[in-house]
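Use the sequences and the hints to build the structure in full.
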Amino acid sequence: MLTALRAGDEHAFRLLVERHYPMMRRMARGYVQTDAVAEEVVQDTWLAVVTGIERFEGRSSLTTWLCSILTNKAKTRGTRERRTLPFSCLGDGNTNEPAVDGDRFQGDEDTWPGHWATPPRPWQKPEHRLLSLEARGRLREALEELPARQRLVVTLRDVEGLRSEEVCDLLDISAENQRVLLHRGRSRLRGTLEDYVEQA
Amino acid sequence: MGPGVTNNLTADEITCRELVELVTSYLEGALDEPTLNQVEEHLVMCDWCVTYVEQVQATVDALATLPPEPVPGRLLDALSAALGEARDRRRESR
Numbered sequence: 001m002l003t004a005l006r007a008g009d010e011h012a013f014r015l016l017v018e019r020h021y022p023m024m025r026r027m028a029r030g031y032v033q034t035d036a037v038a039e040e041v042v043q044d045t046w047l048a049v050v051t052g053i054e055r056f057e058g059r060s061s062l063t064t065w066l067c068s069i070l071t072n073k074a075k076t077r078g079t080r081e082r083r084t085l086p087f088s089c090l091g092d093g094n095t096n097e098p099a100v101d102g103d104r105f106q107g108d109e110d111t112w113p114g115h116w117a118t119p120p121r122p123w124q125k126p127e128h129r130l131l132s133l134e135a136r137g138r139l140r141e142a143l144e145e146l147p148a149r150q151r152l153v154v155t156l157r158d159v160e161g162l163r164s165e166e167v168c169d170l171l172d173i174s175a176e177n178q179r180v181l182l183h184r185g186r187s188r189l190r191g192t193l194e195d196y197v198e199q200a
Numbered sequence: 201m202g203p204g205v206t207n208n209l210t211a212d213e214i215t216c217r218e219l220v221e222l223v224t225s226y227l228e229g230a231l232d233e234p235t236l237n238q239v240e241e242h243l244v245m246c247d248w249c250v251t252y253v254e255q256v257q258a259t260v261d262a263l264a265t266l267p268p269e270p271v272p273g274r275l276l277d278a279l280s281a282a283l284g285e286a287r288d289r290r291r292e293s294r
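One line per chain: the protein sequences are Z and A, in this order.
Following our numbering, the numbering of the first sequence begins with 1 at its first residue and continues without gaps.
Following our numbering, the numbering of the second sequence begins with 201 at its first residue and continues without gaps.
Note that these hints are calculated values from the structure, not bench results.
All figures in this text were calculated on a predicted structure; none of them were measured in a lab.
Careful: at least some of the hints might be erroneous.
So the derived label-pair ranges between C-beta atoms look like this [claimed, not checked]: (1) A4/Z x D247/A: 24 to 32 Å; (2) A48/Z x E240/A: 43 to 51 Å; (3) A200/Z x R291/A: 54 to 62 Å; (4) T251/A x A4/Z: 38 to 46 Å; (5) M245/A x A4/Z: 32 to 40 Å; (6) R291/A x T79/Z: 19 to 27 Å; (7) T251/A x E97/Z: 54 to 62 Å; (8) G284/A x T118/Z: 58 to 66 Å; (9) G52/Z x P234/A: 17 to 25 Å; (10) T235/A x L133/Z: 34 to 42 Å; (11) T265/A x G102/Z: 47 to 55 Å; (12) A230/A x L133/Z: 30 to 38 Å; (13) G229/A x E81/Z: 34 to 42 Å; (14) D212/A x D195/Z: 28 to 36 Å.
Computed from the model, here is a short list of chain A residues facing chain Z with C-beta under 10 Å [what the hints assert, rightly or not]: (15) E221; (16) V223; (17) S225; (18) L227; (19) P234; (20) L236; (21) Q255; (22) A258; (23) P268; (24) P270; (25) R274; (26) L279; (27) L283; (28) A286; (29) R287.
All C-beta atoms, glycine included, are put in the ideal place defined by N, C-alpha and C.
Below, the structure written as structure tokens:
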């Protein structure tokens, strides 16, 4: 793949763009104000990749390298617009939000306080249902609706498959902070899929 | 309630409500040993929480296979043009 990219192979580049475009758009959108500017940032990033790929030494993964170029471009662009917010000020959502609605657990007056009152039901044949295009489409919508920081962390970790250290470096956050954001995001998305499966 | 026992639980047991908040740290391998033991002991006893952990894992797996999004034609055109220029530059430098 890297050899094809270094040779300027258009097909290889297209595959890479298609694979990473959603993540890059989502990431850029975290730093700039409009979808249109986010798209420009993604485009600038790819132009920088085309001219810089020969210098890419493979010390980090290609995805991490892409993300670091994108983050730099997005920050520069955001600063120029003077309307950007640093990652630490992006929407966090309510960090005290429980992973599961408190109503679903037994209360202090019940027999087993803190244990399930309305337990989760197994998702029958998850391999069928969750991989159905409709379910994954719903999941993607729910991902877009997450608070910005949760969305970025879940995208980088679970959609793109980066390691937690890589995500901490890219976003300049602590491991603990990263885990909290991942937890909130994943918990909410599980809830979305649960609603979907229960209604289906 | 006897000493060391709260809410029908011994002091070192955790509730389902607590477990769902530990799932990510559990899957990340980030729990300290005493807490890890508590989580694992709970999971041995509680099929509902096993189901919950499976659902979180299924969600993570589904995120890795999200349907593709169309890439804007503008971006592909710009990419194509940049690759053409890069080819020309390489040819000239040869």
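(request) Check the following: the C-beta atoms of T265/A and G102/Z are separated by a distance inside 47 to 55 Å. (result) Taking Cβ atoms as reference, T265/A and G102/Z lie about 32 Å apart, which means the hint is violated.
(request) Can you let me know if the beta-carbon spacing of T251/A and E97/Z is within 54 to 62 Å? (result) Violated, since T251/A and E97/Z (Cβ atoms, about 21 Å apart) do not stay within the stated range.
(message) Is 32 to 40 Å respected by the C-beta to C-beta distance linking M245/A and A4/Z?
(response) Between M245/A and A4/Z, where Cβ atoms are some 53 Å apart, the hint is violated.
(request) For the range 34 to 42 Å, tell me whether the beta carbons of G229/A and E81/Z fit it or not. (result) Since the Cβ atoms of G229/A and E81/Z sit about 40 Å apart, the hinted range of 34 to 42 Å holds.
(request) Mind checking the CB of E221/A against every CB in chain Z and telling me if the closest is under 10 Å? (result) Nearest chain Z Cβ about 5 Å off; hint holds.
(message) Using the nearest Cβ pair, does P270/A come within less than 10 Å of chain Z?
(response) holds, 9 Å
(message) Is 28 to 36 Å respected by the C-beta to C-beta distance linking D212/A and D195/Z?
(response) This hint holds: roughly 34 Å between Cβ atoms.
(request) Indicate whether the distance between the beta carbons of A4/Z and D247/A respects the range 24 to 32 Å. (result) This hint is violated: roughly 49 Å between Cβ atoms.
(message) Range first: 34 to 42 Å. Now tell me if the beta carbons of T235/A and L133/Z are that far apart.
(response) Since the Cβ atoms of T235/A and L133/Z sit about 39 Å apart, the hinted range of 34 to 42 Å holds.
(request) Look at the Cβ atoms of G52/Z and P234/A and judge whether their distance stays inside 17 to 25 Å. (result) violated, 48 Å
(message) Is the interface hint satisfied for R287/A? The criterion is a beta-carbon contact with chain Z at less than 10 Å.
(response) holds, 6 Å
(message) For the restraint on S225/A, tell me whether the closest CB of chain Z is nearer than 10 Å.
(response) holds, 6 Å
Going through the hint list in order, the structure does not satisfy hints 1, 5, 6, 7, 9, 11, 19, 20.
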